[in-house]
Amino acid sequence: QVQLVQSGAEVKKPGASVKVSCKASGYTFTGYNMHWVRQAPGQGLEWMGWINPNSGVTNYPQKFQGRVTMTRDTSISTAYMELSRLTSDDTAVYYCARPSVAGTHEFDPWGQGTLVTVSS
Amino acid sequence: DIQMTQSPSSVSASVGDRVTITCRASQGVNSWLDWYQQKPGKAPKLLIYAASSLQSGVPSRFSGSGSGTDFTLTISSLQPEDFGTYYCQQANSLPLTFGGGTKVEIK
Numbered sequence: 001q002v003q004l005v006q007s008g009a010e011v012k013k014p015g016a017s018v019k020v021s022c023k024a025s026g027y028t029f030t031g032y033n034m035h036w037v038r039q040a041p042g043q044g045l046e047w048m049g050w051i052n053p054n055s056g057v058t059n060y061p062q063k064f065q066g067r068v069t070m071t072r073d074t075s076i077s078t079a080y081m082e083l084s085r086l087t088s089d090d091t092a093v094y095y096c097a098r099p100s101v102a103g104t105h106e107f108d109p110w111g112q113g114t115l116v117t118v119s120s
Numbered sequence: 001d002i003q004m005t006q007s008p009s010s011v012s013a014s015v016g017d018r019v020t021i022t023c024r025a026s027q028g029v030n031s032w033l034d035w036y037q038q039k040p041g042k043a044p045k046l047l048i049y050a051a052s053s054l055q056s057g058v059p060s061r062f063s064g065s066g067s068g069t070d071f072t073l074t075i076s077s078l079q080p081e082d083f084g085t086y087y088c089q090q091a092n093s094l095p096l097t098f099g100g101g102t103k104v105e106i107k
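Quick note, the sequences are listed as chains A and B, same order.
Going by my numbering, the residue at position 68 of the first sequence is 68; the numbering climbs one at a time, nothing skipped.
Going by my numbering, the residue at position 91 of the second sequence is 91; the numbering climbs one at a time, nothing skipped.
FYI, nobody ran anything at the bench for these hints, they're computed from the structure.
Hints are not guaranteed to be accurate.
As the list claims (entries may be wrong) - Calculated cross-link-like contacts (lysine to any residue; reagent style SDA-like; alpha-carbon spacing at most 25 Å): (1) B:42 - A:9; (2) B:103 - A:112; (3) B:42 - A:100; (4) A:63 - B:106; (5) B:42 - A:40; (6) B:42 - A:56; (7) B:103 - A:42.
Source: prediction; values computed, not measured.
Work out the full structure: start from the sequences and follow the hints.
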């Protein structure tokens with residue numbers, strides 16, 4: 001079955017960077033964009049961008065441009081999301097999510113989420 | 001960016017009740033509107049895509065309607081397992097954006 005498994009929780013200091021991984025299985029990794037969505041504690045969902053695992057092309061919303069980098073390693077079917085210059089506002093659960101159908105923007109499945117805590 | 005506004009922000013209903021959640025987009029999104037259910041500590045789960053199409057495996061008591069700027073998610077007969085927070089998401093244009101969520105509680 002299609003599955004996305006993310007790396008474990010992280011605690012970072014303000015100003016640091018964090019890199020979260022998302023290992024895909026059960027489908028052709030290069031056939032679907034991989035998206036990242038985050039959720040601050042008690043808050044709603046915020047889209048962070050996508051990467052095309054085949055070409056490496058990325059698309060980030062303006063809010064995160066210059067601070068987020070999405071990469072992939074096709075040899076191990078894994079996508080990565082790195083966020084730099086962390087502040088307390090970046091404390092959140094970070095999810096990777098795959099479109100249900102290639103080329104669309106409805107997400108199924110999702111990874112289990114990775115809690116990133118930014119604290120001095 | 002397209003702003004998505006959900007109402008109500010919370011609803012408390014009894015088992016068997018009909019529950020309706022609305023989502024309004026700040027500009028037209030055609031039928032590119034999806035609905036998710038999220039339970040505490042879990043990732044969101046896709047319920048409805050393209051405004052009215054039921055995702056595989058989702059119970060038929062869930063339905064979606066609307067197009068343009070106004071959309072509705074209906075639970076025809078609320079079940080105990082339907083508690084959680086429901087989010088709409090527009091998939092018409094980047095950046096993708098979500099509504100603020102509607103928390104559904106069982107009385």
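Verification of the supplied hints:
1. B:42 - A:9: Satisfied, since the Cα-Cα distance of roughly 15 Å is no more than 25 Å.
2. B:103 - A:112: 21 Å, holds
3. B:42 - A:100: Distance of about 18 Å is within 25 Å: holds.
4. A:63 - B:106: 37 Å, violated
5. B:42 - A:40: 13 Å, holds
6. B:42 - A:56: Given pair residue 42 of chain B, residue 56 of chain A is violated - Cα atoms ~29 Å apart, limit 25 Å.
7. B:103 - A:42: 11 Å, holds
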